[in-house]
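Whenever a hint applies, use it, and build me the whole structure from the sequences.
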Amino acid sequence: MHQIRNAVSREYCAIAAYNTGPGNVYRAFSKLNGKARQEEALDKINSMRPEEVYETLRTRLPYEETRGYIVNAVAAKKRYAAM
1 MHQIRNAVSR EYCAIAAYNT GPGNVYRAFS KLNGKARQEE ALDKINSMRP
51 EEVYETLRTR LPYEETRGYI VNAVAAKKRY AAM
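Mapping the sequence shown onto this note's numbering, position 30 (from 1) lands on 30, and the numbers just tick up by one.
Worth double-checking, as some hints may not be accurate.
With a cut-off of at most 27 angstroms between alpha-carbon atoms, the simulated DSS-like pairs for lysine-lysine come out as follows [to be verified]:
| id | residue 1 | residue 2 |
| --- | --- | --- |
| 1 | 77 | 31 |
| 2 | 77 | 44 |
| 3 | 44 | 31 |
Okay, the calculated beta carbon distance ranges per label pair [stated by the list, open to error]:
| id | residue 1 | residue 2 | range |
| --- | --- | --- | --- |
| 4 | 78 | 36 | 13 to 21 angstroms |
| 5 | 24 | 76 | 15 to 23 angstroms |
| 6 | 82 | 32 | 38 to 46 angstroms |
| 7 | 72 | 39 | 38 to 46 angstroms |
None of these hints come from the bench; they were simulated from the model. Glycine is no exception: its CB is placed at the ideal position from the N, C-alpha and C atoms.
In structure tokens:
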């Protein structure tokens with residue numbers, strides 16, 4: 001995940017990877033397999049705005065639990081930042 005250039009996008013991907021693993025995060029961005037999946041996913045993530053990365057994770061992660069996890073974690077972070 002350290003290859004993700006935008007700090008906010010990297011944070012979103014790290015949150016999702018904590019719950020589901022980096023392979024499933026890469027799967028949300030690429031249909032390829034193996035090392036090619038990771039490379040294509042990283043290229044795609046680095047070409048997107050953070051809002052687009054978040055939306056892709058929210059809608060395309062392979063497990064509903066993780067899609068909910070990313071939404072809840074980001075919402076909690078915003079609540080705590082506002083305190």
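Should the hint that residue 72 and residue 39 are 38 to 46 angstroms apart at their CB atoms be regarded as holding? violated (30 angstroms)
Is the Cα-Cα distance between residue 77 and residue 44 27 angstroms or less? holds (25 angstroms)
Could you grab the alpha-carbon distance between residue 77 and residue 31 and see if it respects the 27 angstroms cut-off? violated (30 angstroms)
Given pair status - residue 31, residue 44, alpha carbons within 27 angstroms: holds (12 angstroms)
15 to 23 angstroms as the expected CB spacing between residue 76 and residue 24, which holds or is violated: Cβ of residue 24 to Cβ of residue 76: about 21 angstroms, so the range 15 to 23 angstroms holds.
Measuring from beta carbon to beta carbon, are residue 82 and residue 32 in 38 to 46 angstroms? holds (40 angstroms)
Regarding residue 78 and residue 36, is the given constraint of 13 to 21 angstroms on their beta-carbon distance met? violated (35 angstroms)
Hint compliance for this structure: hints 1, 4 and 7 are not met, and every other hint is.
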